[in-house]
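**Student:** This is what each chain is made of:
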Amino acid sequence: MDLLSAQGLGMSFGGLLANHDISFEIIPGEMVGLIGPNGAGKSTLFNCLAGLYKPTAGRILFQGKDVTGFKPYEMARLGMARTFQVYVATGDLNILENVMVGSFLRTRSKAKARSKAESLLEKMNLRDMAKERVANLPVAAQKRVVMATALATDPILLLLDEVAAGLNPKEIDDMIGLVRWVHADLHVTVILIEHVMELVMKLSHRVLVLDSGQLIAEGEPSDIVLQPGVIKAYLGERYGTQSSSRNSQGA
Amino acid sequence: MATMIQFLMFSVYGMGWNTIGGYGGQVDLGKAQYVGIGAYTTAVMMIRWDIPFWMSLPVGMGLAVCWSFIIGYPLFRLRGHYFAIATIATSLILKDLFESWSFIGGARGLKIPVKGEMPNFLYLQFRQDYYYYYIILVFFFIGLLYMNWFRQGRLGYQLRSIKDNEEVARSLGIDAHWAKIKAYAIATAFVAAVGSFHACYNFNIEPEDTMSLDLSVLIALMAMLGGAGSLWGPIIGAAVLVPMKNYLGAWFGAKAGLAGLDLIIYSGIIMLIAAFEPRGIWGMISRIREKRARGN
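If you're matching them up, the sequences are chains A and B in order.
Per the numbering used here, residue 1 is the first one in the first sequence, and the count goes up by one each step.
Per the numbering used here, residue 1 is the first one in the second sequence, and the count goes up by one each step.
No lab work stands behind these hints: they were computed from the structure.
Treat the hints with caution; some may be incorrect.
Simulated crosslink set (SDA-like; lysine to any residue; CA at most 20 Å straight-line) [stated by the list, open to error]:
#1 A/116 to A/129
#2 B/291 to A/129
#3 B/291 to A/133
#4 A/110 to B/152
#5 A/131 to A/141
#6 A/116 to B/153
#7 B/163 to B/274
#8 A/131 to B/163
#9 A/65 to A/156
#10 A/123 to A/180
#11 A/110 to B/153
#12 A/54 to B/175
#13 A/65 to A/10
#14 B/291 to A/116
#15 A/112 to B/153
#16 A/116 to B/182
#17 A/131 to B/287
#18 B/182 to B/274
#19 A/131 to B/154
Short, incomplete list of chain B residues facing chain A, as computed with Cβ under 8 Å [what the hints assert, rightly or not]:
#20 2
#21 164
#22 167
#23 172
#24 173
The structure displayed is predicted, hence computed values, not measured ones.
Note that CB positions come from ideal geometry on N, CA and C, so glycine has one too.
Using the sequences and the hints given, assemble the complete structure.
**Tutor:** Here it is as structure tokens:
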């Protein structure tokens with residue numbers, strides 16, 4: 001059975017079609033990349049899947065159950081976690097407390113929530129910063145906090161929104177290792193939105209390409225980069241050079 | 001002594017406000033309606049049916065919590081300023097209803113008659129203030145212990161997360177709407193309990209002094225001045241503002257034409273907090289402490 005299945009998904013804001021007739025399946029244990037130029041509708045699609053938006057057309061099945069129009073907290077309880085690209089941390093929660101908020105989804109006990117959060121922070125090399133506020137951290141650490149918080153909810157499916165944006169090459173390598181660990185050791189199925197092609201190419205079993213709200217291609221990373229339509233729509237120069245570097249419109 | 005009692009009362013009001021206003025970040029300017037519900041429940045039950053304070057206290061809290069659910073459900077569909085204005089509206093509507101309801105004395109209010117010999121612990125009737133002082137002191141400590149537990153519990157964390165970023169909180173599995181309603185109900189119970197006490201302490205209640213907008217604003221202001229979202233904030237706020245209120249009231253009240261000036265001063269304080277230190281006095285203290293800790 002598919003873990004997740006989108007069937008003719010559409011989302012329009014007034015007259016603007018942000019997502020149009022998108023259908024795809026995710027198999028348990030997959031790692032899928034979701035790419036496309038800015039404004040292609042990637043984050044909108046994530047928001048529909050995670051229940052933040054109610055799709056205006058189509059259906060979403062999660063573990064065979066119709067979850068179209070479910071609330072975000074209901075999706076989280078069913079095992080879907082979504083990270084956000086921009087983490088606005090203005091408040092007074094420190095890192096440990098942030099992660100604890102995630103673990104409180106599955107427990108009422110403060111002690112249990114705390115020990116789970118601490119072990120996640122340990123794994124993510126954030127132990128020493130547990131008492132810091134998120135806003136005071138370097139970007140790479142912020143991204144790890146966001147991941148740790150999402151993982152604390154014990155997801156089956158994790159939607160990662162640009163976890164590598166703003167990272168340097170060394171940090172991107174670390175992030176790749178981290179996502180692999182989540183996928184292999186925690187057995188979490190992952191869909192990732194990413195502009196950093198290196199990460200998408202190294203991690204994804206399969207790539208979905210969105211452009212102007214539509215799914216224009218789907219396939220293995222090595223095949224996807226050769227499709228003219230995809231190259232034209234978006235791919236970064238490094239992966240587009242072989243065929244038509246001048247055509248890339250880049251993001 | 002009267003000032004101390006008022007300080008403790010406002011501290012507990014502020015603690016209640018702090019659950020939803022401070023930890024939850026939902027600015028509530030309608031707390032007076034629950035003071036009114038608590039005070040009137042106790043007064044009416046005492047006058048009509050001779051029911052002692054300790055029995056009317058939970059009834060008043062229960063009624064207030066019921067009312068908070070009824071209005072909380074639609075109110076928390078609103079955000080930010082809209083929510084704040086709606087809380088003012090519900091509070092004023094309830095006040096108008098009370099003013100025109102003759103069963104509970106209408107606009108002239110109610111006067112609780114003396115029941116038997118004083119000191120009367122059942123009906124909370126005392127000649128000397130210190131009895132009241134010790135009773136409200138017990139309320140204060142119970143409130144403080146509860147708040148300390150609350151802020152470290154599941155709901156406390158969830159509210160702080162909602163305040164941080166509601167969208168993120170919701171995708172972490174928090175039913176934000178329900179969490180706010182729950183916190184609002186807790187806030188209500190605190191406020192209604194002190195409302196009941198207020199009825200016995202004053203013997204005399206009327207909609208104007210238990211349910212006015214001034215009272216709602218003052219409760220919110222004390223908590224914000226002291227530090228919204230911190231354990232000690234409402235207490236610090238009450239410690240500063242209650243003496244100031246009494247002093248200003250006496251001073252301006254004596255001079256004709258200056259009666260509203262204290263309100264202008266309060267609004268000035270609100271602007272200062274908003275502009276310079278949203279975390280209030282407690283925010284300043286913790287900032288200084290953090291600096292010291294780094295210096296060492």
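**Student:** Evaluate each hint against the coordinates.
**Tutor:** Hints and how they fare:
The straight-line distance between the Cα atoms of residue 116 of chain A and residue 129 of chain A is roughly 16 Å, inside the 20 Å bound, and the hint therefore holds. A threshold of 20 Å between alpha carbons decides the hint, and for residue 291 of chain B with residue 129 of chain A the separation of about 17 Å falls inside it, so the pair holds. A distance of roughly 15 Å separates the Cα atoms of residue 291 of chain B and residue 133 of chain A; the hinted pair therefore holds under the 20 Å criterion. Using a Cα cut-off of 20 Å, the hinted pair residue 110 of chain A and residue 152 of chain B holds, with the two alpha carbons roughly 8 Å apart.
At roughly 13 Å between alpha-carbon atoms, residue 131 of chain A and residue 141 of chain A fall within 20 Å of each other, so this suggested pair holds. With a C-alpha separation of about 16 Å, the suggested pairing of residue 116 of chain A with residue 153 of chain B holds against the 20 Å cut-off. Of the supplied pair hints, the one linking residue 163 of chain B and residue 274 of chain B holds, its CA atoms being roughly 17 Å apart against a limit of 20 Å. Restraint check for residue 131 of chain A and residue 163 of chain B: satisfied, since their Cα atoms lie roughly 19 Å apart, inside the 20 Å limit.
For the given pair, residue 65 of chain A sits about 14 Å from residue 156 of chain A by alpha-carbon distance, which is consistent with the 20 Å threshold. Restraint check for residue 123 of chain A and residue 180 of chain A: satisfied, since their Cα atoms lie roughly 13 Å apart, inside the 20 Å limit. This hinted pair checks out: residue 110 of chain A and residue 153 of chain B have alpha carbons roughly 7 Å apart, not beyond 20 Å. The hinted pair formed by residue 54 of chain A and residue 175 of chain B meets the criterion: a straight-line CA distance of about 16 Å does not exceed 20 Å.
Taking the CA atoms of residue 65 of chain A and residue 10 of chain A, the gap is about 19 Å. The hint holds against a cut of 20 Å. Under the criterion of a C-alpha separation no larger than 20 Å, the hint pairing residue 291 of chain B with residue 116 of chain A is inconsistent with the structure, at around 31 Å. For a cut-off of 20 Å, the pair hint linking residue 112 of chain A to residue 153 of chain B stands: about 12 Å separates their Cα positions. With a CA separation close to 26 Å, the supplied pair residue 116 of chain A and residue 182 of chain B exceeds the 20 Å bound.
A hinted pair counts as satisfied when its Cα atoms are at most 20 Å apart, and residue 131 of chain A with residue 287 of chain B qualifies at roughly 15 Å. With a C-alpha separation of about 27 Å, the suggested pairing of residue 182 of chain B with residue 274 of chain B is violated against the 20 Å cut-off. Proposed proximity of residue 131 of chain A and residue 154 of chain B is supported: the alpha carbons are some 19 Å apart, at most 20 Å. At a threshold of 8 Å, the smallest CB-CB gap from residue 2 of chain B to chain A is about 35 Å, leaving the interface hint violated.
A cut of 8 Å between beta carbons decides the hint on residue 164 of chain B: the least distance to chain A is about 4 Å, and the hint holds. Satisfaction of the interface hint for residue 167 of chain B is found here, the shortest Cβ-Cβ separation to chain A being roughly 6 Å, below the 8 Å cut-off. Taken as an interface hint, residue 172 of chain B checks out: its beta carbon lies about 5 Å from the nearest beta carbon of chain A, inside 8 Å. Using the Cβ-Cβ criterion of 8 Å, the hint placing residue 173 of chain B at the interface with chain A is satisfied: the shortest such distance is roughly 3 Å.
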